[in-house]
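Engineer: Spelled out from the first residue to the last, the chains are:
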Amino acid sequence: MTYALELKDLRKSFGKTEIIRGVNLAVLPGERVAVIGPNGAGKSTLFNLISGRFAPSSGEIWLGDQRIDGKKPYEINRLGLSRSFQITNIFPKLSVFENLRCAVLWSLGYRYTFLKFLANLQDANERADRLLRMIHLERKRDVLAMNLTYAEQRALEIGVTIAGGAPVILLDEPTAGMSRSETEHFIELIREVTVGKTLLTVEHDMGVVFGLADKIAVVVYGEVLAFDTPEAVRANARVQEAYLGSPVADAQSGGH
Amino acid sequence: MTADRTSSSRARWIIWGSFALALLVAPWLFSSNLGVTMLCQIGIAIIACLSYNILLGQGGMLSFGHAVYTGLGAFVAMHALNAATGGKPSFALVLLLPLIGGLAGLFFAVLLGYVTTRRSGTTFAMITLGMGELVFAMSLMIPEFFGGEGGISGNRMVEPFMGITFGPQRQVYYLVAFYTFISVAGMYAFTRTPLGRMLNAVRDNAERVEFVGYNAQRIRYLAFIVAGFFAGISGGLAALNFEIVTAEVVGAARSGSYLLFTFLGGATFFFGPIIGAILMVLAFVLFSELTKAWLLYLGLIFMFMVMYAPGGIASLIMLNLRVASYGRLKELLPHYLSMAATGLVALLGVSALTEMVYHRQLDGAAGSTLNFLGLTLDDASTVHWLAAAAVALVGIAAFEWARRRFAQRWHAVQEYIEVEMKKREAAA
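So the protein sequences, as listed, match chains Z and G. Counting from 17, one number per residue, gives the positions in the first sequence under the working numbering. Counting from 3, one number per residue, gives the positions in the second sequence under the working numbering.
No lab work stands behind these hints: they were computed from the structure. Every residue, glycine too, gets a C-beta built ideally from N, C-alpha and C. Careful, some of the hints might be misleading.
[Claimed, not checked] Every beta carbon over 10 Å from chain Z, so not counted as near; a handful from chain G, in silico:
#: 1; residue: 195
#: 2; residue: 198
#: 3; residue: 213
#: 4; residue: 221
#: 5; residue: 375
[What the hints assert, rightly or not] The calculated DSSO-like cross-link candidates involving lysine-lysine, where the alpha carbons are at most 30 Å apart (straight line), are:
#: 6; chain 1: Z; residue 1: 32; chain 2: Z; residue 2: 109
#: 7; chain 1: Z; residue 1: 109; chain 2: G; residue 2: 425
#: 8; chain 1: Z; residue 1: 32; chain 2: Z; residue 2: 213
#: 9; chain 1: G; residue 1: 424; chain 2: Z; residue 2: 109
[Unchecked claim] If the Cβ cut is set under 10 Å, some of the chain Z residues that face chain G in the computed set are:
#: 10; residue: 45
#: 11; residue: 94
#: 12; residue: 98
#: 13; residue: 149
#: 14; residue: 150
#: 15; residue: 152
#: 16; residue: 155
#: 17; residue: 166
#: 18; residue: 236
#: 19; residue: 237
#: 20; residue: 239
#: 21; residue: 241
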């Protein structure tokens with residue numbers, strides 16, 4: 017059985033502090049996994065290790081049958097893993113359409129060419145336009161990304177992430193900073209655009225977590241405390257003690 | 003959609019057609035020797051500034067050493083001119099010489115750019131500065147190649163070929179114009195390609211580029227090479243135009259003026275550096291004749307531009323075109339007039355002061371009086387100093403008053419446009 021994504025005894029230290037302390041995780045193709053845990057548990061660091069932003073101190077990361085730990089972000093992306101960022105990370109002085117087109121170019125094989133005109137790349141233009149409709153920004157096609165509203169920028173962030181058609185998607189707090197109604201709307205969008213993909217998402221909103229995920233990974237102090245179906249995780253005594261029932265979690269979920 | 007396409011393709015033909023036409027008729031409009039000489043330099047400067055803007059405006063790479071690539075292109079071209087000839091170059095050689103310069107620029111960009119573009123931001127700027135100093139220092143160390151203090155010179159005249167010898171400036175102009183057109187078109191085309199667009203993406207957010215499959219460093223390197231190629235073409239043309247190349251063409255001052263005038267023209271729009279290049283030649287050839295203090299004025303202009311219009315002249319034009327397209331330009335015109343009038347008074351006072359200072363410090367031996375726009379000023383007269391200072395102060399105060407009134411109206415107009423845009427968007 018090949019997993020879509022597999023972490024084997026993954027560790028990461030910054031100086032003397034070990035932030036990720038031996039994480040093991042195996043995600044099946046098509047699974048939707050929510051990664052939860054208190055602030056500072058190492059969720060974002062975990063995503064940064066998987067996506068190549070940082071190299072792990074030790075351990076292995078497998079994307080399908082490719083070992084990707086220590087590879088550069090663009091190499092990992094080309095192998096079929098794409099991620100979004102907690103703080104919106106798009107191309108501010110390019111239009112919405114250009115943002116999306118930039119994100120599809122490599123996957124369509126255009127590489128670094130300067131011998132073709134963008135206007136003539138039908139497949140890239142069609143795909144960018146299709147993405148534009150998928151994230152419901154067709155009316156903002158030619159607006160510069162920096163002039164979008166916050167919610168629109170978050171949608172564009174997702175659009176740029178899925179644009180290359182990577183089968184494995186990592187979303188780092190996609191709903192961060194959104195109102196309750198925006199969040200519901202947005203979760204629906206994420207569900208639509210990630211159909212058939214393997215999805216890992218960091219999420220604080222418990223309603224979202226239990227609604228969206230097939231499985232939940234609970235990360236506490238750099239370790240995976242539990243990795244199971246939502247029901248099993250909810251019933252897990254250690255998780256309840258460490259996270260779900262704690263005042264921290266109450267405060268966090270209540271805060272949204 | 004199709005109607006849109008045809009109208010935009012017609013607009014493209016009109017723009018490029020009139021550009022070609024302008025290049026063709028320019029030497030008849032400015033037919034004096036000085037006119038044609040300046041036109042040649044403008045063409046050369048246009049290529050140089052546009053190639054610089056591939057780095058600055060399109061790639062967000064602040065280079066302090068672009069003259070290395072124009073300059074080395076010029077040197078290699080000059081050596082090629084001298085090597086192949088033994089007195090008289092062939093027609094084909096002169097025709098292809100700018101291309102030889104371009105290949106030299108490309109070669110050195112491949113070589114030096116590999117180190118330079120490994121970093122971005124401040125580090126990139128520092129490395130380009132170091133590279134520039136390095137090459138300039140080498141120009142003194144290797145006189146065999148750089149010709150020492152006197153530089154190297156050559157002869158562009160060929161045996162007449164269909165009446166063309168490249169001796170007369172006008173014939174050189176048409177060679178310059180040809181390469182200018184091709185280079186401008188080529189660099190514009192570059193902005194419409196995948197690499198050109200990803201270069202914009204790297205400028206905006208190099209980190210994110212890495213997460214959509216691209217190596218940002220590779221993009222910077224390739225763009226640097228493209229810029230080096232066009233810079234070299236400009237250098238090759240300069241070698242032909244001046245028939246002499248000295249070490250200063252690779253120097254920091256030259257690099258600085260590319261930066262300054264590209265910025266003045268406007269780095270955010272493709273055509274901005276063209277305006278900058280024209281200003282550069284006007285400043286170097288005409289303005290420098292007018293006053294010894296021209297660099298000081300240039301510095302002041304640059305400073306005001308950075309502070310008030312960081313998008314350069316091109317962005318000022320585009321902003322006003324936008325205002326005009328919403329039919330609100332008319333109400334701004336009186337404000338422009340009052341700013342121009344008060345600005346002129348301020349300029350008069352400030353420049354009178356400046357000229358008196360310069361005269362006193364530099365031409366003291368020639369007596370205490372100087373001619374300033376037909377007036378005779380005396381730097382020994384307290385009254386003259388006070389009068390000039392008064393004009394300057396009144397002018398500055400009046401200008402500031404006019405500027406504030408303009409700014410108010412300008413903001414009101416911009417707000418109106420924002421609201422209108424929202425409306426149109428909602429209606430769409």
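Engineer: Now tell me, hint by hint, if it's right for this structure.
Structural biologist: Quick rundown of the hints versus the structure:
At roughly 4 Å, the least C-beta separation between residue 195 of chain G and chain Z is not larger than 10 Å, which violates its mark as non-interface. Consistency note on residue 198 of chain G: stated as away from chain Z, yet its beta-carbon is not over 10 Å from all of that chain's, at 6 Å minimum. Distance check for residue 213 of chain G against chain Z: the nearest CB is about 5 Å away, which does not clear 10 Å, and the non-interface claim fails. Residue-level check failed: residue 221 of chain G sits 7 Å from the nearest beta carbon of chain Z, not beyond 10 Å.
No Cβ of chain Z approaches the Cβ of residue 375 of chain G within 10 Å, the least distance being about 43 Å, so the stated non-interface status holds. For the suggested pair residue 32 of chain Z and residue 109 of chain Z, the alpha carbons sit about 40 Å apart, so the restraint of at most 30 Å is broken. A C-alpha spacing of about 22 Å is found between residue 109 of chain Z and residue 425 of chain G, which places the hinted pair at or below 30 Å, so the restraint holds. Under the criterion of a C-alpha separation no larger than 30 Å, the hint pairing residue 32 of chain Z with residue 213 of chain Z is inconsistent with the structure, at around 37 Å.
For the hint pairing residue 424 of chain G with residue 109 of chain Z, the CA-to-CA distance comes to about 19 Å; that is within 30 Å, so the pair holds. With 10 Å as the threshold, the beta carbon of residue 45 of chain Z stays out of range of chain G, its nearest partner Cβ sitting at about 21 Å, so the hint is violated. For residue 94 of chain Z, the suggested interface contact is upheld, since its CB lies about 5 Å from the closest CB of chain G, less than 10 Å. Of the supplied interface hints, the one on residue 98 of chain Z holds, with its beta-carbon coming within about 7 Å of a beta-carbon of chain G, less than 10 Å.
Against a cut-off of 10 Å between C-beta atoms, the interface hint on residue 149 of chain Z is violated, since the closest Cβ of chain G lies about 15 Å away. Given the 10 Å rule on beta carbons, the hint for residue 150 of chain Z is violated: about 16 Å separates it from the nearest Cβ of chain G. Among the interface hints, the one on residue 152 of chain Z is violated; its C-beta lies about 14 Å from the nearest C-beta in chain G, farther than the 10 Å criterion. Because the smallest distance between the Cβ of residue 155 of chain Z and any Cβ of chain G comes to about 6 Å, under 10 Å, the interface hint for this residue holds.
This hint is violated: residue 166 of chain Z has a C-beta 17 Å from the nearest C-beta of chain G, more than the 10 Å allowed. The restraint placing residue 236 of chain Z at the interface with chain G is violated, with a minimum CB-CB distance near 27 Å, outside the 10 Å limit. Interface restraint check: residue 237 of chain Z against chain G, minimum CB-CB distance 27 Å, threshold 10 Å, status violated. Of the supplied interface hints, the one on residue 239 of chain Z is violated, with its beta-carbon coming no nearer than about 26 Å to a beta-carbon of chain G, more than 10 Å.
Taking 10 Å as the C-beta cut-off, the interface hint given for residue 241 of chain Z is violated, the closest approach to chain G being about 28 Å.
In this structure, the earlier hints numbered 1, 2, 3, 4, 6, 8, 10, 13, 14, 15, 17, 18, 19, 20 and 21 are contradicted, and the remaining ones agree with it.
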